[in-house]
Every structure is written in structure tokens, then in C-alpha cells.
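Chains as they are written, first to last, in our numbering: chain B, 7 to 325; chain E, 3 to 292; chain V, 6 to 261; chain P, 85 to 461; chain L, 1163 to 1397.
Among the hints, erroneous ones may be present.
To be verified - Partner residues are not named here, just some residues of chain L that face chain V (Cβ under 8 Å, in silico):
{"hint": "1", "residue": "ASN1201"}
{"hint": "2", "residue": "GLY1202"}
{"hint": "3", "residue": "LEU1328"}
{"hint": "4", "residue": "SER1329"}
{"hint": "5", "residue": "PHE1394"}
Claimed, not checked - Estimated spans, in silico, between C-beta atoms of each pair:
{"hint": "6", "chain 1": "B", "residue 1": "ALA273", "chain 2": "P", "residue 2": "LYS412", "range": "33 to 43 Å"}
{"hint": "7", "chain 1": "V", "residue 1": "LEU198", "chain 2": "L", "residue 2": "GLU1345", "range": "42 to 52 Å"}
{"hint": "8", "chain 1": "B", "residue 1": "GLU74", "chain 2": "P", "residue 2": "GLY402", "range": "36 to 46 Å"}
{"hint": "9", "chain 1": "B", "residue 1": "VAL79", "chain 2": "V", "residue 2": "GLU31", "range": "53 to 63 Å"}
{"hint": "10", "chain 1": "B", "residue 1": "PRO94", "chain 2": "V", "residue 2": "SER60", "range": "27 to 37 Å"}
{"hint": "11", "chain 1": "L", "residue 1": "PRO1285", "chain 2": "E", "residue 2": "PHE83", "range": "26 to 36 Å"}
{"hint": "12", "chain 1": "B", "residue 1": "ALA65", "chain 2": "P", "residue 2": "GLU401", "range": "31 to 41 Å"}
To be verified - Result set (DSS-like, lysine-lysine): computed pairs, CA atoms no more than 25 Å apart in a straight line:
{"hint": "13", "chain 1": "E", "residue 1": "LYS170", "chain 2": "L", "residue 2": "LYS1237"}
{"hint": "14", "chain 1": "L", "residue 1": "LYS1358", "chain 2": "V", "residue 2": "LYS196"}
{"hint": "15", "chain 1": "L", "residue 1": "LYS1269", "chain 2": "E", "residue 2": "LYS170"}
{"hint": "16", "chain 1": "B", "residue 1": "LYS254", "chain 2": "E", "residue 2": "LYS97"}
{"hint": "17", "chain 1": "L", "residue 1": "LYS1288", "chain 2": "E", "residue 2": "LYS167"}
{"hint": "18", "chain 1": "E", "residue 1": "LYS167", "chain 2": "L", "residue 2": "LYS1237"}
{"hint": "19", "chain 1": "L", "residue 1": "LYS1269", "chain 2": "E", "residue 2": "LYS167"}
{"hint": "20", "chain 1": "L", "residue 1": "LYS1317", "chain 2": "L", "residue 2": "LYS1237"}
{"hint": "21", "chain 1": "V", "residue 1": "LYS108", "chain 2": "B", "residue 2": "LYS97"}
{"hint": "22", "chain 1": "V", "residue 1": "LYS220", "chain 2": "L", "residue 2": "LYS1358"}
{"hint": "23", "chain 1": "E", "residue 1": "LYS191", "chain 2": "L", "residue 2": "LYS1269"}
{"hint": "24", "chain 1": "P", "residue 1": "LYS412", "chain 2": "P", "residue 2": "LYS387"}
{"hint": "25", "chain 1": "L", "residue 1": "LYS1288", "chain 2": "E", "residue 2": "LYS170"}
{"hint": "26", "chain 1": "E", "residue 1": "LYS86", "chain 2": "L", "residue 2": "LYS1237"}
{"hint": "27", "chain 1": "B", "residue 1": "LYS97", "chain 2": "V", "residue 2": "LYS57"}
{"hint": "28", "chain 1": "L", "residue 1": "LYS1237", "chain 2": "E", "residue 2": "LYS191"}
{"hint": "29", "chain 1": "B", "residue 1": "LYS284", "chain 2": "P", "residue 2": "LYS89"}
{"hint": "30", "chain 1": "B", "residue 1": "LYS284", "chain 2": "P", "residue 2": "LYS116"}
Calculated directly from the structure, the hints in this document are not laboratory data. All residues carry an ideal CB built from backbone N, CA and C; glycine is no exception.
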Amino acid sequence: MELIGLLNYALFMAIFIGIYALLSLGLNIQWGGAGLFNAGIAGFFAVGAYTSAILTSPAADGRLGGYEMPFYVGWAGAMLAAALIAWPIGKICLRFRSDYLAIATIGIAEIIRLVIKSEEALTNSARGISSIERPFGDLPYVSSQAAFLGIVLFLVIAAYFLVQRQFNAPWGRMMRAIRDNELAARAMGKNIEYRRLEAFIFGSALMGLSGAVFAAFNRSITPEAIDPMVATFLVWIMLILGGSGNNKGAILGAVIVWVIWSVSEIATDQLPHEYAVKAKYVRLFLIGLMLQLVLRFRPEGLLPERTTGVTRPEDEKSQ
Amino acid sequence: MDFMELLNFYLMPGIVLGCIYALGAIGVTLIFSILRYAHLAHGDLATLGAFLALAIVSGFGVSPLAALPVAMIGTAVIAVFIDKAFYNHLRERPKIVTVMASLGIALMIRAVIQVVWGVDSESYVRGIVRPENYWGLRIRDREIYTIAFMIAVVVALQLFLGRSKWGKAMRAMSDNPDLALLSGIDNRKVIILTWLIAGGLCASAGVFLGLNTELKSMMGWHMLLPMFAATILGGVGRVDGAVLGGLIVGVAEELSVLVLPSEYKTATAFVILLLMLLVRPTGLLRGKVL
Amino acid sequence: MLELDQLVKEFTGFRAVNGCSFTVREGTITGLIGPNGAGKTTLFNLIAGALKPTSGSIRFNGQDVTGLASDELFHKGLVRTFQIPHEFHRLSVLENLMMVPPKQQGESLFSNWFAWGAVQRGEKVVARKAWDTLAFLELTHVAHLPAGHLSGGQKKLLELGRTMMTDAKLVLLDEPAAGVNRTLLRQLEEKILILNREHGYTFILIEHDMDMIFKLCHPVICMAEGSVLVEGSFHEVRNDRRVLEAYLGETTGDAA
Amino acid sequence: KADVKIGLLGGVSGAISAMAPSMLEASNLAIKQVNEQGGILDGETLEGVIGDSACNPQGGTDAATKAVNIEGVSVLVGPHCSGAVLAASGSVSIPAGITMITPSGTSPEITGLEDNDTVFRTVSSDDYQGRALARTLKDAGYEKVAVAYVNNDYGSGLANAFKAEFETLGGEIAGFAAHEADKASYRSNLAELADGGADTLVLFDYGDGTGLTILRQALENGFFEKFVGADGMKSEALIEELGPENLTNFVTSAPVGEKSDALDAFNKAFQADGGDPDAIFVTTSYDAAFLAALAIEKAGGDKAGIAAALREVSNGEGETILPGEWAKAKKLIAAGTAIDYKGAAGDQNFDAAGDVPGIYALFKVNGDQFETMTEMK
Amino acid sequence: MSALLSMNEVSGGYGDTQILKAVSIEVAPDEIVVIVGPNGAGKSTAMKAVFGLLNVRSGNIVFDGDDITSWAPNKIVQRGICYVPQVDNIFRDMTIHENLEMGAFLKSGDLSAAFDRVYELFPDLKDRPRTLAGSLSGGQRQMVAMGRALMLDPKLLLLDEPTAGLSPKYMDQIFQICRDVRETGVSIMLVEQHAKQALAFADRGYVLAAGQNRHEGTGEQLLADREVAEMFLGG
Ligand SMILES: Nc1ncnc2c1ncn2[C@@H]1O[C@H](COP(=O)(O)OP(=O)(O)OP(=O)(O)O)[C@@H](O)[C@H]1O
Ligand SMILES: Nc1ncnc2c1ncn2[C@@H]1O[C@H](COP(=O)(O)OP(=O)(O)OP(=O)(O)O)[C@@H](O)[C@H]1O
Ligand SMILES: [Mg+2]
Ligand SMILES: [Mg+2]
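Just need the whole structure built from these sequences, with the hints factored in.
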């Protein structure tokens, strides 16, 4: 019983870590790869979650939806919608320097959040959408979790593989060059706008996918889920902690942050509740402090980006 | 709607709010241009200032205005301490690292406030204050203080930055820190000075916000984005720009309910900001194109 | 090959390039000299698409290229170096070179995902070329250093190296000699000549080093205050009174 | 002996962090009574495991998963916020077959969940309160009101129900607007609402949050003469900050136990325990926990049978059990006699969807306390 | 003759990499010393070492009787050394005038004499003192940078390739200025790639290569040295 319970919880954690790993990989393409400071992750996450929700949920009064499509259609739709939203945003905002882009994307995410909260006909406003299809949702609890985890793992591995390829290829080198010196990259014939947009859209699509997975897992999506604190900043902490520019780091960051986040709560939950309430704040304090310590002692993250790239041994010989 | 109504219920609140944003935005803009990062703990630092003043008000029974200078000094010192303890050693790193660190600091400050003062709303003075009526203009003392304080601060700061040696040193350091060092400017002093100014102003923003509304543990955090919008709107690195930006954001937020559904009020600041970035990314008063 | 017609570039209230016209013939090395602030670099920025001219037109290989972005011009065969080095400071020196060749297959996401083998083969070719260039520039020992850690002169060499990584038709060199050790510079001159004679590169060269101009350039154009002052052979220009006054200075003039 | 656990998923951090502590205290009171009166099942101790649902879906599922899997709880009391309830039930409690009773998830969306009859609530849907408030106001002679509501599931649920009912009854809504929480100024919002010409503002928000700000700014600037709130506005903070003298024209509805023996019993016990029986959602929190204990006892500890047992102990038939009467209930259950729990917040007879009708009263401020004016129908 | 500045067997580098290997350089009062060498030899690094911008691992640096090894740069400036780096040597967002003003940051009182002197040396700057330095041409920037350093009347001036990018006319002028400045009692240590010209007017010169001293001697000596000429001066 205890063991099964722990296993169940481990499954759950792994699913959540997978969801966040997708976000953090998406961010890694944008920030680690192309140096785009997207502080509106929550927005793309939300677009993905709601798109898949609308596509896969049963009909309901007074709002768009009721297409009851299979989950994979919903998820593909989520990626597409996030990418489509990212396109004009990227067109407009990618000209800005990184801090500006950050603030612009925060603003856009906030606007997306307000639209979701307020436009009843589209998203059922503050009540959210429930009864979303979850793949393998009809299986018994444990097997359903395990099967879902299987899907999530597949997605994370696939995403990792694709992104890793990109980073190690001339594409990655070109993006780092663009990040380093835009003017020179342009003079060397690189189409910066196009490349950035490419990275931004691809990263956003992954974020949208993550949102769809999240909605399916919970079978519901409500506006609280897209609070920037959990859907944007936590992801940033994951990436910075793990090591931006390094895909393993992005995933490792998701693992560590979520485990610490959850385990520290198990610890504080043991306290009597009059302390437990304060302990929540102490816990936030400790998480902040932990971040400081990491930045102090591993400012490049646990797995830093390899700044000087890959040179294979045969190159060395050829000289 | 007649003009007096527009003035009393839309413009005045917008201006007062704008002054508060401006006080915060000045600090943001200084840090942005001199130390070169977006300081995300600025809002929570303002909250801290507000609660420090609350502690003084309730501890010694003085008026909030009397507590203001003490709170400003206290917060300024804390800001310097935070910089020393947490940001200083990140100086050589990419700026984003410091941005992340400041986010962590925001969490830490907020947690301290929540542990010490709890999460309930508080206020400096219980009860309500009805406005005086000056020939139809309805305004409260505290609103006059807010506006007057902001004006005084801006004038003083402009003079300081433009005329004094240290003001110029701050600009030089924002421009080329290495060269500033070679010119004999002690960068550490400039940084301390920057934090003293930013921290003090930040506290004043918090106190005035608390004075005009309530004190809540999240009050500063919610002010953060409008402050950044104000900063960029006015042009990064420009004190006068921050003020202009703050006022515009404040007034626009209040006026927005006339044209937009009121649930979109929060979005006003961003919409202005995005338009600004599109049309003129250097801000209204030509700031640094960072 | 390159025709400039009445180019003007105005910065707020200041004309840096003021009605500049000249023609560059294919296969030449054109020297561009002139006092500091004459507008030489600005002219390069206009030709290379980093700035858009206020008025006037640029024709390259018979096509009107006025106002094209620099990446498009690069693909038409126009490469430039920067007076103040613009290296990719976090990329290794080797990567700085390897990123240059255009149309690398690995720059497409699609190829990376589905044609990894071809990408790898392309990399090998590019790497060989980069190593050769490094060897020539005496930078082999710093190949794996981040380019930001190079010395000032090494960065200038790297700038030059980048132009060797593509099949350029027209190369704009902005003061390649400034800060470069003279012994090495003599070798660079050789290389430029080889590129010019054997590979058919056309050069425009901004320099203040008269030895280099003398050795390489014909014709030489002297600019002053945004427009062409004199154009001709090195000796014609060198002995022009206005050039002596504005640019070379009396002492050097006397010595010559 | 092994403990029997129930999960108390509070919104300890997040939007309602100010209310959560007293709600948890009330739930803990029920647990304490169970343990004092012989424990649960074979004299085992009942233990309440607190989890923080943080008032958002991520927190809700996390806390629920921990409670169900790591702690092995038999029943979940909570989460406190509707979004967390939807997510936690969808991904955890329904698939795992664990019964969930929320004391404060008031979203109408919860009614329609496909939950295999495992999701219940001891608080009524916002729909009920909004409609009841509309009827009461209309009866009391309010004809023309403006409505301001916080833009979340709570505010919009109440406001829409109120609006529909009030208009059906022939009242006029002369202003209807949502607002985002935590802005510094709402004066322009108020001016805009007041433009409709109503003299009454109905405010669906939280009294220790934005509701306080709005009410203060309305009072200070002389917008509106009368103010009406719903349960969220019934907060001590309001009286403390604004002063009772300024709140003479303020009334607020809130769920109450019908004046009943049950409520008295609870009030007494909670007061003795150091709690404030007038705090928001404490009665529902208590009922949820006590019902959970009864259901566990009835089902003999079998988790799968708890949902059905819950209906049995509260379906209105059988010997009445009042708050605190654990020993009696235990004896009757052992004897196989049918029991019916009458809760502090009402009879707690669940309908087919697991909802209860609410019982509300209108409160006004008297001295530094809220005081019941009228019951609401 | 006691040296004004002496670097004694200084070793050090950036982070872990060792760049300077026991480099010794001396500058006497009223002396112009030129350092030449291939690119990447460590010339700029040697200057940074003097200015406390380097991890000095062994050896010491003595200036005017004080051991200034690892002093903070602002103290070194105060002590009377000014430094013009090779790159990034102006405040881009400040006007020419303000750039000069920052040069005299440590000086109080009337600056007009100092301004006059600099403007006299560089009349180009005088014409538009309110121009942002960032918009100047490469050569004009070099002038601003020099001017900034001269504002403080230092005892020792460190110039890292002051003539790079300057027109021949200005190159001569800069060398002339160096001589003029020396006349006013300022010693100069400069790095040059225009090595022949520089050695011709300098009092003494050092040749650095691969982070080590290779040759030293008076300007004429070095110019006459066949090996030096071939290896380092371009034949
Ligand atoms: N962005 C700009 N804004 C304003 N003025 C500029 C700008 N860029 C260049 N200038 C001005 O244009 C003039 C020409 O500059 P340019 O860099 O082309 O000179 P140059 O001939 O390359 O000189 P040098 O040999 O010193 O490099 C200078 O006076 C400079 O101040
Ligand atoms: N920040 C740094 N980190 C690591 N290595 C560096 C750094 N700066 C310079 N170097 C290395 O130190 C060596 C010496 O550099 P330095 O700048 O002193 O050369 P230099 O003699 O001034 O050359 P140049 O004539 O080209 O300016 C070079 O090989 C360079 O790669
Ligand atoms: Mg130039
Ligand atoms: Mg150097």
C-alpha cells in the first residue's frame, strides 16, 4: 500500500516534471538558443491548453467548443495555435533588445490571460473548461497514470532529441553567433529576423504542447493555472538552474525544482497547521535563498552551456 | 460627463497613481541604465518600505509622513545590503542572471513580510478620509502630499544627476563601467549611491501607495509591471521620462474604463507599452537604445 | 562592378557622406583614404547595407542594390570587415570562421532532423577550410579560445579571416592593418594579392597605412568631408596638394 | 494502531490565504472531537493531513496526489478554490476513486463534473447565493443597483446569477462590470458604475482584499449610498480598517447554519476551541470534515464505499446527529441504525450532483462585529 | 636613475590562463617607452597588469616608490597614472565635453585650463563639444580617449595603440603630442604597431613575444637589430 502510493506519487511527479520539461526545453530554444527573453511563457502555455480543451471537450452552453476530437488532434492543434500566436508576436517584438522583449512578452501574456478570463464565449471565462479528454483516462488509476507518463516521456524525449540536434548543428552555432553580435551576423549573411522567428515559434509550439498535456492530465483548465508565478517564473528558474543553452540542463532543472518544491512541502506539511501556514512563507523564502546560492556558486547552471561548441577529433587532425 | 467629474474621478486618481508609479519607475530606470538589469524585486522592496513605515506608525504613534523618511532610509540601507549580499558577485555574469536573482529576492522579501506582518490588509490610518472641496476640485491632503513629494524628488534628482560630480559619475558608469573605473571613479560607491537613491524612492512609492489605499503583502508586486511600463515609455535612463511614463500609465489606466471593459484595465499599461515599443522604442524622451 | 551615384547619408543635422560617386572595376583593389571622419566607414556601411542612404543609388553587378539589407548583399557576394572588430565573442575562434559560409545545410531545422548525415559531411568541409584559414593567420593556437579573449590585433585578423571563408566577389576591408603587427601585415598583403589575382576577388580597402596602400591599391580614392576629393594612381593622389594638407600632413609629405 | 487519515487541502498560500487558517481550524475541530470521543473505526486515531493547494490547479493536483498516494488518506476535504477542485478531482480523486468534499469550491462548474458520484460539497454553488441575494434585496425594496465583481470564478459566478435573478424579478441593473484584483485605484471604475444612476452598489469581492479597497474608495468619494456584499465581503478586516461608523449602510450575505441546534452546538464548541464561529466558511469546513469521518465509519474504512456511505449518513432519513455527537453516531452506526447528520451550515442533504442548497443570512455591522439581520430564502 | 615605474618579473593572466611570464619593464621619469611585439604577445595585458586589472601571480609593480601591485584602479589613477585602453575607450553616450570631464573626475576646482590644453591638441574636438562620442569616427574617438587621459595631468600615461586608425597626419601629431607631453614632465609608456615610427622617437623600447621579454634597448638599437626588424617590424 505504502509502496504503491509512493510509486503513484512518483508517477505523478514524473508527469509534472515532464510537463515542465517541455516548457523548459521550449524556453531553452528561445533563450538558450536564440537569446530571446520570453517572459510570457504562461501565455503560450495557456493558448495551448485552451486550444486543446476547446477541440477535445464535449459541448457546453455558451462557449465555443464541443468538437470532441481525439487528444492527438487537440495537442497538434495546441502546438499550431501557439505557433500561430507566436508568429505575429514575434514579428512585432523580436526587434527589441532582450529586456524589452521580456517586458513586451509579459504584457502579451497578461493580455492573453485577461482575454481568457473575460471572454466567456471563447473560454467560458473564469470558470474554465472541464471534462477534457485524457488519453488512457478510462484505465484504472495507476495504469492510467503510467500510460499517461509514457506519452509524456515520449514527448519529452522526442523534443529533447530534436532540440539537441538543432543545437549541435550549424543552426545552433549560427544562433549563438546571432546572440553574440547581431550586426556581424547580419553582415555574414544570416537572416536574423527569420532565424529568431523560427526559434521563437518552435519554442512557443513546445510550450503550447505542454499546456495541452497539462489540461489533458487535469481534465480541466482554469485561468488560475496560467498564473505567471507558476507558469513563467518557475520555468525560468528551472532553466537557469539547470543551465541555459544545455538541453540536459533544462530537463535536470525541471526535475530538481519540482522535486524540491514538492518535497519541501511534504516537510512543512508535517508541522502543526498554525505553523504550517507560516511555514509556507518560510518555504518560499528558502526557495528564493536556494536560487541565490545556486546563482552564487553555479551561476551558469548545474550543467553549463558549452560555450566553445563542438569540435570533433577529426577536425583536430585535419589541420 | 462634465469636466469636473472627469477631473475628480478619472484624472486626479490617475495622476496620484501616476506619481506613485513614477517614484518606483525612477528607481527602476536608474538601475536599468546604471547597473543594466531589470530589477524585479523593486515592487516588493516598495512593499517592504511601506510596512517599515507601518511598523513605525504603529510602534511610535507618529503620522505616516513622519515615518516616511525613516522608512526611506531603512529601505535604502536594506537595498544596499541586498546588493552587497546577492547581486554584487554576479556583476561579471550575463545580466539575466541578476534578473533571476532579483526575482528570488522578490520572493524572499515577500516571504519576510508575510511572516512578520501576515497577509491581511492593513492601513496607516483607520477609517476613511473624505476629500476637501476646492472650487469643485475634490482632493485629499494625502494626495497633495503625494504629488508634491514626487515633484520635489524629481527636481532634486535632476539637479543632482545633471550638475553634481557623482551624478555624472553615475551616468559614466552606466555608459562604460570599465572605463569609469579607469577614470578613477570608484564603481562601488556609484553602485551604493544608486541603490540608496533607488531604495529610498522605492520605499516612498510603497508608503504613498499604502497611504492612498491599503497595505498588502502583494501590493508592490502588482505595481511592478506598471512601473516597468512607465520606465520604458519614458525612455530608459531618463528620470523625467520615468515621471512622464508613470503619469501616462496611471492616467491611462483610469481612463481606460471609459473605452474598454473594466476587466481589461490592467492591460492598459501593456497596450500603451507595446504601442510605444512599436512606434518609438527609445521612449517618449529619447532614452538609451539598449 | 560597383557604381555609386551621388550617395548621401545624413545623420541628425550632419552629412557624413555628401554626394559621393565613383565606380569600382572588377578585379581591382581600390584604396580608400581620407582624414578621420571623412565618411569612409559610413560609406562602407551604406554599400554593405548596414545603413540606408538618405539619397543616391548603389549598383552592384548591374543590379540596383540600394537599401538592401546586409544579409541579402552577402548572398550576392559582398562581404565586409569592421573597423572596430565585431567578433562573436562567445564562439570559439574556429566557430567564428565556421559560421560564415552561406547556405550550410545544417542551418535548416529540417535537415538537422532528417538529413543528419549530409549535415555532418558539410561540417567537415567547412571545418577544413576554417583550419586552413587559421593556419594562415597564425591563429591556430587560439582556435578553441572564445573569440572575446583574443587580443585587439588578433580580432582584426579574425575579421579578415571571415572574408576568406566565402566565395566573395567584392570584399570591403575597413582598416585591416590597424593594430596588426607589421611582419604579419606583409603576409596579409601577399594573401590579399593572391585572392585578387588568382581568385578574382575585388577589394575596396580603407587604410591609413601608406605602405599598404602603395603596395596594393590601384586606383586610390581620397575622400574628405563626405565626398571624393581626388581619384587616381597612388602617386597622383599622394602628391596632390589638397591630400597632403588634409590627410597626410606636412611632415610625411616632405619626407616622401 | 494505524491512523486513519483525511486530507485537508487548504488554500494556505495564494488568493484566499487569509481565510484558510480558520477554515482549517474548523475542520480540525471535527477531527479532535472524533478522537476525543473514542476515535474512528476500532478506536483508531483520525488524523488530518494538511496540504497546500495554493488556490491554483498545479498546487491542487500536487497536494491531492500527495495526500492520496503518500499519506493514503481516505477522504479529501478541500481543496478550497474551485480551479484546484476541478483539476484535483479530474486528475487525482476521481481516477483514484477517493471521495472529495470541498467546503468552499463554489463554482457552478463543479456541479456538472462526471465524477462517479465522488465529488461533493458542503457549500452551495454560487448560483444559489447569487439568486438568494437577488430575491432578498428585491424584497427589501432595492430596485436599481450597480454590480461590481472581481473577475474570477467566484465573482463572476455570483454576479451572473444575481443579475439573472434580479432582472427576472423586475429589478434594474444599472451598471455591471468586472474588475481585476489588486489595482491601486478603482475610482474610475466606480465613477463609471455610478453613472448608471443606481444608489446601491452590489460588490462581489473579498473584504480583506480588493473589496476593501473598492469599498473604501466608494465611501471616501461619495459614490453610492448603500452597499451590499456577499460572503467574501463578510470580513473582520473591513470593520477594522474602515471603522463601523462608516459601514452603517453596508449589508452582506453569507452562508449560515439555519438558526438551529446544530449551529449552536458548533458555535459553542468552536468558541471553546478558540475559533471565531463567524469567520467565513468555517461551518462548511467543519461539516465537511465531520461528514467525512461519519462516512469512513459507516463504510467501515473501505475507501471505495465512502461515497455511498456519505450519502447514507446525510440523506435526511434516520436518527439525527448534530455537530460534535460523534460518540452517539458511532454507537448507532455500529448498531446498524440509519443516521442523518444535520450540519452547522445546514442539513447537508446532497442532491444528485453532490451539491447542497445553501442557507444564507443578511448581516449588518454592529459595533465591531457582524450581526444577522434577516434570514434569506 | 631610479625608475618611475618598474614591473619586476610580473607573471599573471586572466583566470587560469597564464599570459605574462616574468615580464620586466621599466620607465624612467621623463621617458617615452615603446612596447612592440606580435599580436597576442601580451602587450595590452602588461598594461592592464600595471593598472590592477589582472591577476598578478608573482612579481611586483612599483610606481614612484609605492608597491602598487593589485591596487584598485581608482587609487592608481589618484596616484598619477592614466590609461587609455586599446578598445572601448570612450563613454559613447556622453558628449565629447563630458568625456573629458570624466577624465578629470578626481580633480576638483577649475578645469578650464585642462580643457583648453586638450582642445588645443585636438582642434577637431573643439568644434563640436556637444556631440555624442559614440557617433564619432574611429580616429576621432581615439582623440577623445587621449584627451580624457590627459585631463588629469598624470605622471605616467599608458597608451595602448593610440595611433591605430588615425590618419598619417594625426599619427605624426600624436607622436608629437607624446613628445610635448613628455616635455611637461609626464612619462609615457605606449604600445605601438607602427613600430618603426614609434621606435624612432621613443627613448627606449621593449619587444615582447609570447608573454616574455625578448629584446630591449634604445629606439635606435632596436631599429638597427636585424632580427627584431625581421621578426617584429615587418622587415
Ligand atoms: N550614427 C551616427 N550618428 C551621427 N554621426 C555619425 C554617425 N556615424 C558617423 N557619424 C559621423 O560621420 C562622420 C564620418 O564618420 P566615419 O566613421 O565614416 O569616418 P571615417 O572616414 O571612417 O573615419 P576614420 O578614418 O577615423 O575611421 C564622423 O564625423 C562621425 O562623427
Ligand atoms: N580576457 C581574456 N581572457 C583570456 N585570455 C585573454 C583575454 N584577453 C586576452 N587574452 C589572451 O592573452 C593574450 C595576450 O593578449 P594581449 O591583448 O595582451 O595581446 P597584445 O600583445 O596586446 O596583442 P595586440 O597587438 O593584438 O593587441 C592573447 O593570446 C589573448 O588571446
Ligand atoms: Mg572609419
Ligand atoms: Mg593589444
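Hint check:
| no. | hint | in the structure |
| --- | --- | --- |
| 1 | ASN1201 | holds, 3 Å |
| 2 | GLY1202 | holds, 4 Å |
| 3 | LEU1328 | holds, 6 Å |
| 4 | SER1329 | holds, 5 Å |
| 5 | PHE1394 | holds, 6 Å |
| 6 | B/ALA273 / P/LYS412: 33 to 43 Å | holds, 38 Å |
| 7 | V/LEU198 / L/GLU1345: 42 to 52 Å | holds, 43 Å |
| 8 | B/GLU74 / P/GLY402: 36 to 46 Å | holds, 42 Å |
| 9 | B/VAL79 / V/GLU31: 53 to 63 Å | holds, 58 Å |
| 10 | B/PRO94 / V/SER60: 27 to 37 Å | holds, 33 Å |
| 11 | L/PRO1285 / E/PHE83: 26 to 36 Å | violated, 50 Å |
| 12 | B/ALA65 / P/GLU401: 31 to 41 Å | holds, 37 Å |
| 13 | E/LYS170 / L/LYS1237 | holds, 19 Å |
| 14 | L/LYS1358 / V/LYS196 | holds, 23 Å |
| 15 | L/LYS1269 / E/LYS170 | holds, 14 Å |
| 16 | B/LYS254 / E/LYS97 | holds, 23 Å |
| 17 | L/LYS1288 / E/LYS167 | holds, 22 Å |
| 18 | E/LYS167 / L/LYS1237 | holds, 18 Å |
| 19 | L/LYS1269 / E/LYS167 | holds, 10 Å |
| 20 | L/LYS1317 / L/LYS1237 | holds, 14 Å |
| 21 | V/LYS108 / B/LYS97 | holds, 23 Å |
| 22 | V/LYS220 / L/LYS1358 | holds, 18 Å |
| 23 | E/LYS191 / L/LYS1269 | holds, 17 Å |
| 24 | P/LYS412 / P/LYS387 | holds, 23 Å |
| 25 | L/LYS1288 / E/LYS170 | holds, 21 Å |
| 26 | E/LYS86 / L/LYS1237 | holds, 21 Å |
| 27 | B/LYS97 / V/LYS57 | holds, 21 Å |
| 28 | L/LYS1237 / E/LYS191 | holds, 13 Å |
| 29 | B/LYS284 / P/LYS89 | holds, 23 Å |
| 30 | B/LYS284 / P/LYS116 | holds, 22 Å |
Hint compliance for this structure: hint 11 is the single one not met.
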